[in-house]
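Residue numbers (UniProt numbering), protein chains in the order written: chain A, 1 to 350; chain B, 1 to 532.
It is worth saying that the hints were derived from the structure and are not from the lab. The beta carbon of each residue, even a glycine, is placed where N, CA and C say it ideally should be. Check the hints yourself; a few may be wrong.
Claimed, not checked - Label-pair restraints from in silico Cβ distances:
hint : chain 1 : residue 1 : chain 2 : residue 2 : range
1    : B       : M389      : A       : V51       : 35 to 41 Å
2    : B       : T240      : A       : E34       : 50 to 56 Å
3    : B       : S397      : A       : G277      : 20 to 26 Å
4    : B       : L115      : A       : A148      : 39 to 45 Å
5    : A       : R339      : B       : V320      : 45 to 51 Å
6    : A       : S84       : B       : D425      : 52 to 58 Å
7    : B       : M389      : A       : G277      : 22 to 28 Å
8    : A       : A148      : B       : G299      : 26 to 32 Å
9    : A       : D308      : B       : L116      : 49 to 55 Å
10   : B       : L116      : A       : G247      : 29 to 35 Å
11   : B       : V320      : A       : G247      : 40 to 46 Å
As the list claims (entries may be wrong) - Selected chain A positions facing chain B (Cβ under 10 Å, derived; list incomplete):
hint : residue
12   : D43
13   : R67
14   : G72
15   : A87
16   : L210
17   : Q349
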Amino acid sequence: MLRRTVLAAALALTVTVTLTGCSLTAGESAQDGERRVVLATHDSFAMSEEVLDAFRDRSGITIDVRRLGDAGALTNQLVLTKDSPVADVAYGVDTTFASRALAENVFAAYRGPGADQGPQRYAIGDGERLTAVDVGDVCLNVDPAALAAKGVPVPTGLADLTRPEYANLLVVEDPATSSPGLSFLLGTIATLGEDGWQDYWRALTERGVLVVSGWEEAYTQEFSGSSGKGDRPIVVSYASSPAAEIGEDGKPRTTAVLDTCFQQVEYAGVLEGAANGEDAREVMDFLLSPEFQSQVPEQMYVYPARSDVELPAAWQQAAPQPEASATLDPAMIAEHRERWIDEWRALVQG
Amino acid sequence: MARARPGLSPWLGLAAALPLGFLAVFFVWPVVAILRLGVGEGGVLAVLGSGQTWRLVGFTVGQAAASTVLAVLAGLPVAYLLARTSLRGLWFVRVAVLVPFVLPTVVVGLAFRTLLPDGGVFAIVLANAFFNVAVVARTVANLWSHVDGRAGDAARSLGASPLRAFRSVTLPALAPALTSAAAVVFLFCATSFGVVLILGGSRYRTLETEIYLRTVELLDLPGAAALSLVQLAAVVAALTVGALARRRGESALALRGRATVARRPRGALSWTVVAVALGVVALLLVPVVVLVARSFGGGLAGYRALAGFGHAGSLQVSGVDAALNSLRAATDATVLAVLLGVTASVVLVSLSRGRVRRGVVETMDTALMLPLGVSAVTVGFGYLVTLDMLPGDLRTSPALVPLAQALVVTPLVIRMVLPVLRSIDQRLRQAAASLGASPAAVWREVDVPMAGRSLLTAAGFGFVVALGEFGATSFLARPDTATLPVAIARLISRPGELNNQMAYAACTLLIVVTVAAVALVESAGRTRVGEF
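Please model the complete structure; the sequences and the hints are all you need to start from.
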């Protein structure tokens, strides 16, 4: 008897749990007539609720955000699903992957009015399909206090790091598994040329560069300037990272070395075959609107593509935008990326 | 003249259709579709022929085998402690071994890097075993707590040494659970991703990390397909070896209630085993303690932050809401997985009782295990090219999260319930039938009470696995439905001290939620179904 009661109780519990909304599937569902635009983006996407809500109230469009991994994962999923897209607008395809997306005809032509307020400085391809939304720079970040304790000056450029006093101070990410790692490798190729970068990495290896697979290990664990309090005072991170490391005295504890930066532009576009092209274009305009653009630094740690939007005050001091970042032609990146990574692996890992 | 096969009914076909149908739609179809895309582009043979591929295979199988051996060696004493002793406070051990399972690999990887700065193969093997001791301990204890100890006692009184008695009496009895557990652990270790990436630095690569890179970053589908085929072959080989081992060891056991087999340890050997088990548990807790200690790095700042959204709105849900999302998704996944897993187990055991050819049963069994051994990105990218053909385009639906989690949890439920069902003495069932019980009544009166406790254990374990599931969830969860592991990974991937402290505080919250959930299931098991 007891057993039967138990079974019945278990069954009842299961049914209740499923029906009473203690369950994801029992949650919200789209109401009829709602205008909804699916925005495919990368893991780093962030935007304040107020800005998104204000857009919804103004336009009647709800933006449904889907994070699909890093920039590479995002682009490749867009390519794979181009005949049956999972979204209407995509945002986060970067310099490294843009050529592939364009070659595969993932994006439909659309160039909104905001594009001419600065984003076209970063135009790619025919400039009609992808519009730059933000610019991120991958640079060496240093912990000046830790360097001073070792009696080593803050490096001023890439070349310094091959000097003996910088031995065992640098941690970088593997370009095969990490997007800042790849940007840094591309930066060395852009700065030192197709002929010079291998020698540079050979020298770094001799100086005991530490290679880890992701930004998390490099920055939050090995780097001495973050909360992880690691052993290495020089790390590959972003130009914006110091803005998040403000000490109790209100001053940044770390700085970015602005002459070591590589520029990564992140683009957005309306997907070919989007279910609702008109609303999708309105969302594109929103991404380039001053409201959205002015939030980009503090939400996503990148710089706005519009030239008429001011950086937050704290940023102007801690994380000014690099003015002379290295760049590479996206088509060249697309063509050589795999080979460069293979050569890098052979060089650094033996 | 057709002879009625005992236990085979038309309902069985219908029941088999449920788990097999689920497997076909949410696993076989997507995987085959993405492999076909890769193979279609050509170039698969070149990858198969390269020496680098076979070095990857060697390292993958080697590290998985070493991790499995270590997990079994560490798990067996803990299983003994849980199943055969009546010491106080065992509930703590039962819960403690499960904690590693829910912790996101990124934080465990970071904790291991702190503990073993030199990393390398040793750290990878250790971390893989850390995650999987629970599988061995819980699966084996599950069966061991029902094994009649009198045969062992008889062997001892006939002069066998304790070790000899263990080897020739106890070990064979445990073989079904042991091989089950070892197979699952091997699959988990062979496909472990985050651990290898973080601890292997860029030096050590496995089939899984390489499939991920080629699929997600390079969209090199032919290369990924070639490696996936190799992975699939290795997994089927491992499962076949496991099935053969099981075939030798499988026997009906006189299963007993737990209350009659657990006793105070006697003699130096028992106490030694208990001491080793407690040592294992203590070691398991070291990384956990490191994480909890880090969560207090900024005083209580991380915990206060849990009510909010992280530094400058890093999250779109608060830590507390993420915990609730975790519980919801895991509940859905567990309900589904238990339904599928129990149905599959009943079908499998009925087929073997019904004298269906062994090969058929084992093939079905192996097929149901495959989702554990195939790369999550292969399945995930497979979804992208197939599920849009189903009504409602599941590809971007939040309902896909529990579905994908259930794919991983179902094989675990089967591996915990099936050994117990298989070991039920047929004579008990025949006696019930000859006393006039209908087949349904035999199930209700014999099998359900016997397997009831293992079902609860399996549900608790499945819940924990779903709570900690990261790969599929991070892919599919929307920002407002982020689960705790997803939120933790996001916090740790952004700069800022507060984010870091909050990430570790969220780990502690995840541990607390896990312990509470497991304790709830455990207490239900103890007071109700456990005693028979």
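Each hint, compared with the structure:
1. M389/B to V51/A: 35 to 41 Å: holds, 36 Å
2. T240/B to E34/A: 50 to 56 Å: holds, 52 Å
3. S397/B to G277/A: 20 to 26 Å: holds, 23 Å
4. L115/B to A148/A: 39 to 45 Å: Check failed, 30 Å falls outside 39 to 45 Å.
5. R339/A to V320/B: 45 to 51 Å: holds, 48 Å
6. S84/A to D425/B: 52 to 58 Å: With Cβ atoms ~54 Å apart, the hint holds.
7. M389/B to G277/A: 22 to 28 Å: Holds, since M389/B and G277/A (Cβ atoms, about 23 Å apart) stay within the stated range.
8. A148/A to G299/B: 26 to 32 Å: holds, 28 Å
9. D308/A to L116/B: 49 to 55 Å: This hint holds: roughly 51 Å between Cβ atoms.
10. L116/B to G247/A: 29 to 35 Å: Taking Cβ atoms as reference, L116/B and G247/A lie about 31 Å apart, which means the hint holds.
11. V320/B to G247/A: 40 to 46 Å: For V320/B and G247/A the Cβ distance comes to about 29 Å; the hint is violated.
12. D43: holds, 7 Å
13. R67: With a minimum Cβ separation of about 6 Å from chain B (threshold 10 Å), the hint on R67/A holds.
14. G72: Status holds, d = 4 Å.
15. A87: Holds - the Cβ of A87/A comes within 10 Å of chain B, reaching about 8 Å at its closest.
16. L210: holds, 8 Å
17. Q349: With a closest approach of 6 Å, the Q349/A hint holds.
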